[in-house]
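In the order they appear, the protein sequences are chains A and B. The first sequence begins at 1 in the working numbering and counts up by one. The second sequence begins at 1001 in the working numbering and counts up by one.
Just so you know, not all the hints are guaranteed correct.
What the hints assert, rightly or not - The calculated DSS-like cross-link candidates involving lysine-lysine, where the alpha carbons are at most 27 Å apart (straight line), are:
| # | chain 1 | residue 1 | chain 2 | residue 2 |
| --- | --- | --- | --- | --- |
| 1 | A | K8 | B | K1220 |
| 2 | A | K8 | A | K27 |
| 3 | B | K1220 | A | K27 |
| 4 | B | K1030 | B | K1220 |
| 5 | A | K17 | A | K27 |
| 6 | A | K17 | A | K112 |
| 7 | B | K1030 | A | K27 |
| 8 | B | K1018 | B | K1049 |
| 9 | B | K1030 | B | K1018 |
Claimed, not checked - Some chain B residues judged to face chain A by a derived CB distance under 8 Å, without partners named:
| # | residue |
| --- | --- |
| 10 | V1033 |
| 11 | L1171 |
| 12 | E1172 |
| 13 | I1175 |
| 14 | R1176 |
| 15 | T1179 |
| 16 | R1197 |
| 17 | V1198 |
| 18 | S1199 |
| 19 | D1200 |
| 20 | E1277 |
| 21 | L1283 |
Keep in mind the hints are simulated off the structure, nothing from the lab. Fair warning: this is a prediction, and the values are worked out from it, not measured in the lab. Glycine included, every Cβ here is placed at the ideal spot set by N, Cα and C.
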Amino acid sequence: MQLVERLKHSIATGAIKAGEQLPSVRKMAEDLLINPNTVVRAYRDLESEGIVELRHGSGVFVRESVEARADVMRKAEPIMRSALDRLESLDLREDEIRRVMENELGLRRAAKEARKRRA
Amino acid sequence: MPETVAAVSHLTRSFGAKKALNEVSLSVPKGAVFGLVGENGAGKSTLIKHLLGLWRAETGSVRVFGLDPVSDTVAVLGRIGYLSEEPDLPGWMRVGELLRYTQAFYPRWDTAYAEQLRDRFALDPEARIKTLSKGQRARLGLLAAEAHRPDLLILDEPSSGLDPIVRRDILEAIIRSVTDEGRTVLFSSHLLDEVDRVSDHLAMLHRGTLRFCAPLEDIKARHRRISLHFERPPAEPPNVSAAIRVDGAGREWTVICDAGRIHAAALAQHLGATLVEDTAASLDEIFVAHAAH
């Protein structure tokens, strides 16, 4: 889960570019010290979302069609930083911030789904 | 079905009136990183000693590579690499002597690999083992366990009391072992973040009984943490049938469930509460819930 998010972020910000090859499962597992199955699963998830393609025998590549969202992501960063500054000034801990964030996102998701159901 | 490297069936072991292991059955699939967790005294080391053939099963059976590790000790131990929390290394020996001595037991000892690890761990072959720090001793133990490229690497609380750099060396050895096609690792630990990152199978022992044993993903998918808010503090803790732990006070309650995805909103409604959060429980929460259950 975390690895998928990290890879998506790298691709979105252009740190890993369209057409580029991702490290082998083995290298990724050894570099990050995580179970190789976790890497396999992350690559599979990215494939099912159409972000990468598995070319048999040669590896995992970022699809050419993936558009870098680098500009948008860069705009998001200062907004996030100032929000975090304000939250930290309220003496909120990291896990509390994450909880508030998750909760707000969850509420939005639920509201969107409810609207969809009503429509 | 994946091949099984080690299988334990209905294993019971008593020390006096205390059951160190009680009807434990589990199997370790080939190629897995199998994490074994539990509090001190839960039976982890006792189980490992049976796998190594150091103890004979009183009741039940133990098979490693399909063999009985007690009667086929040589065949089994020749394919196992073992590192314990306090590696029992002869203090009077020099590092180089110990490696030559260990090598003699393992026909598949890889001299070049051993040398590469010795270099990486900065172990001086002339140093007497008793002069080594705890961390260096752990590295030496790891080298001795790993250099014959064992089919099964067993680590019993390998990270206990070690600094983060040595712990990293141990995690690297674990990952290296499984990325080398077909090898298997079993390790016990109380450091759940380590277990979480490197293992793909997880078993928990609690007072000698097996609480769960499954692929890590399944265990995580099964356990949910549900937070509830009550307008009026309930007189008693909320009663949830799938709960393995209910925690809280006053208006705020948290329930850890072991039942897959349950309809948390309906549950909240049934209890007359508002659903605050329904998320995957962390490994810590799962562990604590099962240890208290």
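Verification of the supplied hints:
1. A:K8 to B:K1220: Measuring from Cα to Cα gives roughly 22 Å; hence the hint holds.
2. A:K8 to A:K27: Cα-Cα ~18 Å, so holds.
3. B:K1220 to A:K27: holds, 25 Å
4. B:K1030 to B:K1220: With a Cα-Cα distance of about 21 Å, the restraint between B:K1030 and B:K1220 holds, given a limit of 27 Å.
5. A:K17 to A:K27: OK: A:K17 and A:K27 at ~19 Å, within 27 Å.
6. A:K17 to A:K112: With Cα atoms ~32 Å apart, A:K17 and A:K112 exceed 27 Å; violated.
7. B:K1030 to A:K27: Cα-Cα ~21 Å, so holds.
8. B:K1018 to B:K1049: Holds, at roughly 17 Å.
9. B:K1030 to B:K1018: violated, 32 Å
10. V1033: holds, 6 Å
11. L1171: At 5 Å from the nearest chain A Cβ, B:L1171 passes the 8 Å test, so the hint holds.
12. E1172: This interface hint holds because 6 Å falls under the 8 Å limit.
13. I1175: Interface hint status for B:I1175: holds (5 Å vs cutoff 8 Å).
14. R1176: holds, 7 Å
15. T1179: Nearest chain A Cβ about 4 Å off; hint holds.
16. R1197: Because about 5 Å separates B:R1197 from the closest Cβ in chain A, which is inside the 8 Å limit, the hint holds.
17. V1198: Since the shortest Cβ distance to chain A is 5 Å, the answer is holds.
18. S1199: Since chain A brings a Cβ to about 6 Å from B:S1199, closer than 8 Å, the hint holds.
19. D1200: Status holds, d = 5 Å.
20. E1277: With a minimum Cβ separation of about 6 Å from chain A (threshold 8 Å), the hint on B:E1277 holds.
21. L1283: For B:L1283, the interface hint is violated, since the closest Cβ of chain A sits about 13 Å away, which is over 8 Å.
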